[in-house]
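So the chains spell out like this:
There are 4 protein chains.
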Amino acid sequence: MSGSAGVKVTVWNEYRHERNDEQVKAVYPEGIHEALRSGLSSFGYEVGTATLDEPEHGLTVEKLNDTDVLIWWGHQAHDEVDDAIVQRVQERVLQGMGLIVLHSGHYSKIYKKLMGTSCALKWREADEKERLWVVKPSHPIVAGLPEYIELEEEEMYGEHFDIPDPDDLVLVSWFEGGEVFRSGVTYSRGQGKIFYFRPGHETYPTYYREPVLRIIANAVKWAAEERGASPYYGNAKPLETIVAKK
Amino acid sequence: MSGSAGVKVTVWNEYRHERNDEQVKAVYPEGIHEALRSGLSSFGYEVGTATLDEPEHGLTVEKLNDTDVLIWWGHQAHDEVDDAIVQRVQERVLQGMGLIVLHSGHYSKIYKKLMGTSCALKWREADEKERLWVVKPSHPIVAGLPEYIELEEEEMYGEHFDIPDPDDLVLVSWFEGGEVFRSGVTYSRGQGKIFYFRPGHETYPTYYREPVLRIIANAVKWAAEERGASPYYGNAKPLETIVAKK
Amino acid sequence: MSGSAGVKVTVWNEYRHERNDEQVKAVYPEGIHEALRSGLSSFGYEVGTATLDEPEHGLTVEKLNDTDVLIWWGHQAHDEVDDAIVQRVQERVLQGMGLIVLHSGHYSKIYKKLMGTSCALKWREADEKERLWVVKPSHPIVAGLPEYIELEEEEMYGEHFDIPDPDDLVLVSWFEGGEVFRSGVTYSRGQGKIFYFRPGHETYPTYYREPVLRIIANAVKWAAEERGASPYYGNAKPLETIVAKK
Amino acid sequence: MSGSAGVKVTVWNEYRHERNDEQVKAVYPEGIHEALRSGLSSFGYEVGTATLDEPEHGLTVEKLNDTDVLIWWGHQAHDEVDDAIVQRVQERVLQGMGLIVLHSGHYSKIYKKLMGTSCALKWREADEKERLWVVKPSHPIVAGLPEYIELEEEEMYGEHFDIPDPDDLVLVSWFEGGEVFRSGVTYSRGQGKIFYFRPGHETYPTYYREPVLRIIANAVKWAAEERGASPYYGNAKPLETIVAKK
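Going down the list, the protein sequences come from chains A, B, C and D. For the first sequence, counting from 1, position 11 maps to 11 in the UniProt record's numbering; every step adds exactly one. For the second sequence, counting from 1, position 103 maps to 103 in the UniProt record's numbering; every step adds exactly one. For the third sequence, counting from 1, position 234 maps to 234 in the UniProt record's numbering; every step adds exactly one. For the fourth sequence, counting from 1, position 61 maps to 61 in the UniProt record's numbering; every step adds exactly one.
Pulled out of the complex, with its shape left as it was, chain A reads as follows:
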């Protein structure tokens, strides 16, 4: 089961749509970050939030050092995220902080920086049905999930999705209008684990859906798992037997 005492999660949200757009405000009156904070707290995590318009976007060195897993939602203001903060986040990921990138976060600076590709895709806003099929049922991110989950209405994202081949392809989406999409993909970068998860357009109540929250909660647990020692980089000594030979 998902949930793990002591895991510290920070939900980062751009938090613009919810203040500027009545349709979005109606769905997420306190912001997407609050919906996620509330939903993930029920799995036993210690969840805080941070938003774009806070000083340092709410992502101070202290806050990041105190975060096991960072969740990222952004859309219209990717360019306003400061490059120095993006680099700070990248460094923390390489040191072992987990990162879960949601929906339109595919185009965020931090995701593109960690992937090395354009992260471009096809999209369409047409209230289409989405089915997310599990293609790797042995993966802990789909623990407790059925074979597929269905979202009555979502934005379409379609292939080709310009990302590196994932370590694990966990979910593939089907859309009514004729597209497929790699919707749940994992990566390892340095000591850090990354999960990209597609659903969550701001005009739909996707982040209140139980299976959606469960997948994110499972991903938090997976990304926060203990790992190996931090490697040493740089000039290295040889075996003593070799030293002796010279």
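I should point out that these hints are in silico values taken from the structure, not numbers from a laboratory. Glycine residues also receive a C-beta, built at the ideal position from the N, C-alpha and C atoms. Treat the hints with care, since some could be wrong.
Which stretches of chain D does chain C cover? Using the computed rule of at least three CB atoms under 8 Å from a CB of chain C, they are [claimed, not checked]:
#: 1; segment: 141-151
#: 2; segment: 189-195
#: 3; segment: 216-230
According to the in silico footprint, chain C covers these stretches of chain A (three or more CB under 8 Å from chain C) [claimed, not checked]:
#: 4; segment: 124-134
#: 5; segment: 179-187
#: 6; segment: 203-214
Add chains B, C and D to chain A, keeping to what the hints say.
Frame of chain A; chains B, C and D shown alone:
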């Protein structure tokens, strides 16, 4: 940390060397399975054993159904393992039982059946130093481990190791005599997770070494994690909208 | 471009439906193998055929030794394929012969033996539209192909498809009725390269379609590429410096 | 066999060591780029060069558009490479230009940008023997190569090498002093294929060695292969049946 209450482990051992060979008996007087049972119990698992010469090799339907993770050590008597039992084990793996294959188990019927390759390799018995380097430090199988572990004397296994590309390459071995080896590799087969781990020649006290036991214990935890629902296979119904259309 | 002088292809076909079923006979009067032989010959390959009811299923040692890439189509008579021939084919694949498995061949003995899994899936015969989307556009198997190919009517195959994680996921299918499927997947087993390609139900003229033939032709080229030396397996000598030390 | 008429290769070299350091000048009097140009030309490629101190580092838009595969060697002046040129190269890779990064190029801006990680590693200059073992003998990059190649003296690079899991792990190095290294790794980024290849310290005549040149030549061929169509990104139309429904 490794260890998880309630996880049921069965250690299967061929158990011939320890009875036939004085040198091996001196190292593992009660058998390799007992050394592993004792070592893994200290991580909090419920550990049982099974051996080749028991009825059904100790792997009855009931025993397998009651096993979360099966550990396999075999060497000189691979051919004596009954094909029907091998198929039974394979089916349980596909249904979700974890499988950890150790050392010379690379040539076991069950491992070859799950890999689809010859699983051949190079080898040499020359008391060589082995260093197992962590190449994926974010993986939970190396949780709590240093950058490498060193075994003063082991049998050499060398590339090419004729296995499918692993899902994750976790450890690579260096040997004194000039070879390298993919020593810790993971696979998913059906609902089941598989870990092959190289060390453990019968004439060395490898399975008493703390880091070796820790890796196996971590692998047990990883292989026993909760997963997604069992998929449905066979004739399937379409979406209702499609049915209506026809 | 596809096609390569001197590459020898053998198309193996069960060749039962085309003789027993009027609907299939109407589509493939000379058998699926003849349609493929003809189609692939136009890409410049030297193409022969073999069928189930020939002695040794047409797959003698000489024939296999003279084959660079074997193509496999079977459906209702998988169980009639002799285990000894299956093992012979597996050994040739491990030695470097390419293998392309088509459509219902997912359940053939040879494919299951090389995968180590059940290779089960969902299916439905409902004349559904299929779209095969390219998800790895850099792969030579989709050279010269557009972003997706559309088949007006095909049998549906749906996830979960119980196969190992592929080396490369090249194509993902969308079906009208709500399913997705990993339709073009590559594997390496020993020295041999394997490509599974989904389309080709016996009641549709799929194997006369240009993009379908092009994908198969590209896969032949890919599977026939020159490779590294055959590895040596068994007892191995150490570096001289180590020998000297002892 | 390696070599392919019409493939255009550009070898980019920092070209500082060879002018500033007598020891390096003695090994590569005309620069590493000239050694590679000469060596690769013998495989039938059309090979040009470019160096750091040329205008735009020799990598104008025209030059890159006329390059199928770019080879990169840099070391002490990574920081002098202009960010705008790095971005230009990245964009060409995503559009399909192949990229082969050699030795100390692991720390180049372009490689780090495409990987998303630190690309850090261990190193040691101690004239150590290196053995590069083939771990994926079916890969075209090792076509015509023996099981391993041995370099009498090279700089050591050791794990952990902080890179993403490669698409294919082709070669693993063994070093006298006790380390291993993933020495030949492939990636796909956008439409482009990338190969990182470890050997080539500036004080050793590594790039005159036949097997080393053959691997690079094979990688050029592999990276220049034809691929699928350029995907369309952006707002996308649905199937007509869906349009009709709305």
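Cross-check of the supplied hints:
Counting residues of the segment 141-151 of chain D whose beta carbon lies closer than 8 Å to any beta carbon of chain C gives 6, which reaches the threshold of three, so the coverage claim holds. Check on the segment 189-195 of chain D: 4 of its residues sit with their Cβ under 8 Å from a Cβ of chain C, so the three-residue criterion for coverage holds. Against chain C, the segment 216-230 of chain D contributes 6 residues with a C-beta closer than 8 Å to a partner C-beta. That satisfies the three-residue criterion, and the hint holds. A count of 3 residues in the segment 124-134 of chain A with a Cβ less than 8 Å from any Cβ of chain C is obtained; the coverage claim is therefore met, three being the minimum.
Here the segment 179-187 of chain A counts 3 residues with a CB under 8 Å from a CB of chain C, which clears the bar of 3, and the coverage holds. With 0 residues having a beta carbon nearer than 8 Å to a beta carbon of chain C, the segment 203-214 of chain A misses the requirement of three or more and the stated coverage is violated.
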